[in-house]
Structure formats: C-alpha cells, structure tokens
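Please model the complete structure; the sequences and the hints are all you need to start from.
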Amino acid sequence: MSAAGRFPYSNISQPNEASCVPIADVSEHYSVLQSTRLNYVPPKPKILQGTFDVSPVAAKDRSFFKSSAAAGECDRIAAVFPNLHGKPAVKLVKAGMPACSVNGHAAPRANGAANGAAPRQLRVGIVLSGGQAPGGHNVIAGLLDCLEQRFPGSQLLGFRDGPRGIVTKRYSEITVEAMLTYRNQGGFHMIGSGRDKIESAEDLERAAAAVTDLGLNGLVVAGGDDSNTNAAVLAEYFLARSVRCSVIGVPKTIDGDLKNDAVAISFGFDTACKVYSEAVGNIMIDAASARKYTHFVRLMGRSASHLTLETALQTHPQAALICEEITATGTTLAGVTQQVADIVAARAAVGKNYGVILIPEGLLEHVPEVSALIKELNELLAGGDVEGSSGGSSEDLTGGVSPGAVSARLTPQNRAVFDLLPAAIRGDLLRERDPHGNVQLSRIETEKLVMALVEAELAARHAAGTYAGKFAALAHYFGYEGRCALPTNFDATYCYALGYAAGALVAHRQTGLMATIGDLHKPTAEWCVGGTPLTGMMCIERRRGKDKPVVRKAMVDLGGPVFMHFAAARERWALEDCYRSPGPIQFGGGGEAYMATLTLALERNNGAPIGIF
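For what it's worth, our numbering labels the leading residue of the sequence shown as 1, then goes sequentially.
Since the hints were made in silico from the structure, they are not lab data.
Heads up, a few of these hints could be off.
What the hints assert, rightly or not - Quick list of simulated restraints, FRET-style, between CB atoms:
no., residue 1, residue 2, range
1, D75, A423, 41 to 51 angstroms
2, D213, V26, 23 to 33 angstroms
3, T36, N353, 39 to 49 angstroms
4, Q339, A424, 18 to 28 angstroms
Cβ coordinates follow ideal geometry from the N, Cα and C atoms, glycine included.
Written out as structure tokens, the structure is:
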C-alpha cells in the first residue's frame, strides 16, 4: 500500500501497562486565558501556612462531622470494616497542641521536623477516579506542594487512567516542572481517570502488592461516593494485612450529591453549575427574543437534583423538575406531564408561547412507576439470564437483549409500564449498565420524552377546546460541557486546599478518612482543615442484586433553605419572564469572580454571598 493510502495512525503503538509514563506538556496549544490561569495562586487557609499537628475533633467543635458511626445500618458497616469503624474525625491544629496517635504510631509534625530531626521523605500516589470534575489538577497541585514544601525530596506518583493504573502499576511521576502547565486547568488529562473498581480479591491483592513494591506511604483517591467507598475498601484491606500505606479520599462530583455535615460541597460543583447557568441563561434570552419556542433542557444529576436546583436559582426558568420532590409526592409520569402542560397553557393564555423547562437526567428513576420498573430490570438483568432476540441462548446486556424477552419476564404492573414507553426509551433502559449496575441515564433522552408527552397532552386539550396556544419545542442536553471547564476561583482554591489536606493526613499516617474543609462560609484564611471517617458516611444499598456498603448520596432536602427559596419563587417565574443570564465564568475583577454557589450560601451562610476572600 502506498504511503498516501495507509491509515494515518497505523504506526501508533499500544502503551506498556506496567510502566512509568512521562507527563505531556500540552501548554503549546493553550489559549490566552488558559495561559493566564497558570499564574493564579490560590490563597491558603492560615492553618496550612505554618506548622501543624492533627488532633481528634473535640465534642464542642461544630466545624466538622464528629460521628464515627455509619450513616445507616451501623452494625453491618462495622462488620465489613472492623479496622476502620469507629475512627474519629481529625482536624489540623497549630503545632504544639495535643496531637493524636494512629495505629500505635506517633503522628509526626506536618513540617516533617520534630525536635530538630531532619524532615522525612514521603512517597505518595494519587488516582483520579470516576467522571471528570473541574479542579482535579489543583488537588494534585496542592498535594504536590504539601510534599515539596514540608518534605523535600518526596515523590508524587499519579496512577494512569484511574484505579486500573494501581493494579497494573502504570503511573507518572509528578514533578514541580510537570505540574507547572496544569495548575488551574480543567480536565483530568494530566494522568487520566477511569471507572474501574478495585474490589475483587485478586485486584485487592494486586493493589496491595503495587503500593508495597512502589514503597508508597499513602494513596489519595479523588472521586465521588462510589470511588470513596472503594478508598475505604482499600484502607480496610491494607490495615487487615499490615500494608503500611494510608488511604485518603477527596470529595469529587459535579452532581453535588457527595456532601454531609463535614463536606459542604464536592469539588467541581461550583464550576459545573456556572457553566450550565451560562448556557441556560443564553437560551432564555433567545426564548424571549424569538418568542416561539419552549426549550426543554436536561442537565446532569443522576440521583440528586442539586445541579438543576442551583441552575434554576441562577437563571429563573418557567419550571425546574426536582426529582426528590417527585419522589416525595409520588407524582406519576402523567402528573409531571400535566404540571408542565399547565404552565405552557397558562403562559399561552397571555400570549407567551415560549419558555424554558429544566429536567434532571435522573427524572425517570424518581417517577414511581418507572422507578419500580428500573429496579426490577436491574435485578432481572443482573442475573444475566434473559434470553436474547435470536431465541434460546442466555445473554447479558453486552450481548444484547430483546424488549420482548424482557417484557415477558416482568411482573404485570411493570410490564404494562415498559410496554407503554416509546421504543427508543425501552431500548435505552436495556443498554449495558454502568460499572455500578445502574441504568446509564445520561444516554436516555428524557427531555425529548417529556417534550413529546407535553405535546400530546396539549394536542388533546386543543381537540377538547381547552387550549388555543401554539406549541413548538426544542430539546437540549448539557452534560459533559460542565465536567472539564476551567475551574472557578472557588473550585481552584478549594481543590488546592483539599489536596494539601490529603498530603498532611498521609504525613500523619491517617487512613480511611476523607480530606475535608470546614467553615467554607468564611474567608479562605479561616477555613478549617481535617479528615472525616469514610465509614461514618456509609449505608447499605442494593447494587447488582446484592447488598453493599456505600458512601451515602445526599439528596435535595425539601425542607432545607435551598429548596424553600426556590419553592417561594417558582410560581412567579412560571408566568413572568424573570430570566437571569449569569454570563461566562469570571476569573478577575472582584465580585462574582470569587463567589461560591447560591446553594452553599443558603445552606451555610443564611443566604449571604460566600466569597473566598
């Protein structure tokens, strides 16, 4: 074959898995803004600017989550994590205050020096697990700076492409020079990420061997609820086998559902909300200008509706469907359709044949009749014994299953719901599950389903003479656009502090904790820094047909200040054009450039704006 006819990428070789991979310098192609962001220096909490020790959280301290008990089914969690269960939360305190000891080892000072002794050198690994979230590179930067500033000569290894990199020992050495071109940048592309889980006996053994062979003092896992559950599993396994490697989690998810008393906000949520709010604000101005389209916008958020709620607060749409409210009220799919159709009809009556409707991607899992169907499908397909369309053979989802074969196995009630759904939605419900055994809701075009149902309802009303408006609709999905944006000043600063905190916890031989930052409603200098037990965040959930311990997801609190603020305003937003267009993320000039989300302000500061300075 001539050179001209050869496939242009045919000479690319496959990477060697067990190897040290150099980090690419991609700054040659940076935009002016990307290059400018490299110079942003996140402010540090005051506690991280001097010498410090770690200490158990005092009972009177309200800055941190204190309970060492599990979030649910304490006895079952304790049985799975006998070495971790009951660990206290800790916080960094000024050096000289009483420090705790862990597993019989005295905690060294965080600056590496005690009584004039030379600082010890550390070797730490970090893995980015799960979906991308803005600020991940600053977690790495904070961890690296902690090691460089307090333990000169230490090494930081970044495992490639997620947890798989641990078991295959494929990593990159992260140096100060390599980090220079990734500070304050979006994405996880410095070392990559992945959704693999280390949970089988073989993988756990390989992970233990890997951290031992590499001589790691600590492993930092930046991820969501499932990834941090995996961090707890690794920490427990290492303790049970006397593997002297700490495991520390870092709270990451743009969905915002990894939070509790200790975790006010997960990293990436602030940036993602602002990216989506800009796009929705633009659509609102277009809707008010063209005055002829109702826009149905689906946003990320599988289990919880925090993203949709914050975007609604920022932009003021005609309606924002909140999954938790739909579950609490038992609203059916027909009921959801009626609610949206009523708003469209009311606006049409005053000549407004346009509007914006926000829909979380997890809507279908919260509608009672569809939720029941999905649960039965998960149980049915987890067994891998549904016959395929070719007849006779047993096939799992990766081999493909026919809707007819599935329908025949469902209970009558769920079969009726399944058969009524459009063919495309039925197919989406049968797609290959994600690594956690869940329906891949990001692939289901829920906005188009709701749009079609509303259109049919309005057509029926028109035929009955109760609706005379015009209805033209457009569908949008904003998902991955929010994952890898340049992090806001808040996320860049918050993530840097989390990474630094993780380094401090590893240095003090802590394990099975999540790095946590408290008092976020105060200026950065006054933030509290510490670690919260992962097992204290756990409950038992059904996964792939089995009960498993997992870090509990935080749902929208329908009695909380954020939802109540939204509920008080939504009737006005439905009929009036109260559109708010936040515009693009600001990085300088003061004001909103340094502001956190309205969600955080309402939850932690009585609605007063929260800034990092």
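Next on the checklist: Quick check on a hinted range of 41 to 51 angstroms for D75 and A423, using CB atoms only.
Outcome noted: This hint holds: roughly 46 angstroms between Cβ atoms.
Item to check | 18 to 28 angstroms as the expected CB spacing between A424 and Q339, which holds or is violated | outcome: holds (23 angstroms)
Item to check | Range agreement (Cβ of N353 with Cβ of T36, hint 39 to 49 angstroms) | outcome: Roughly 43 angstroms apart at Cβ, these two residues keep to the hinted range, so it holds.
Checklist entry - Does the Cβ-Cβ separation between D213 and V26 fall within 23 to 33 angstroms? => result holds (30 angstroms)
Consistency with the previously given hints is maintained throughout, with no hint failing.
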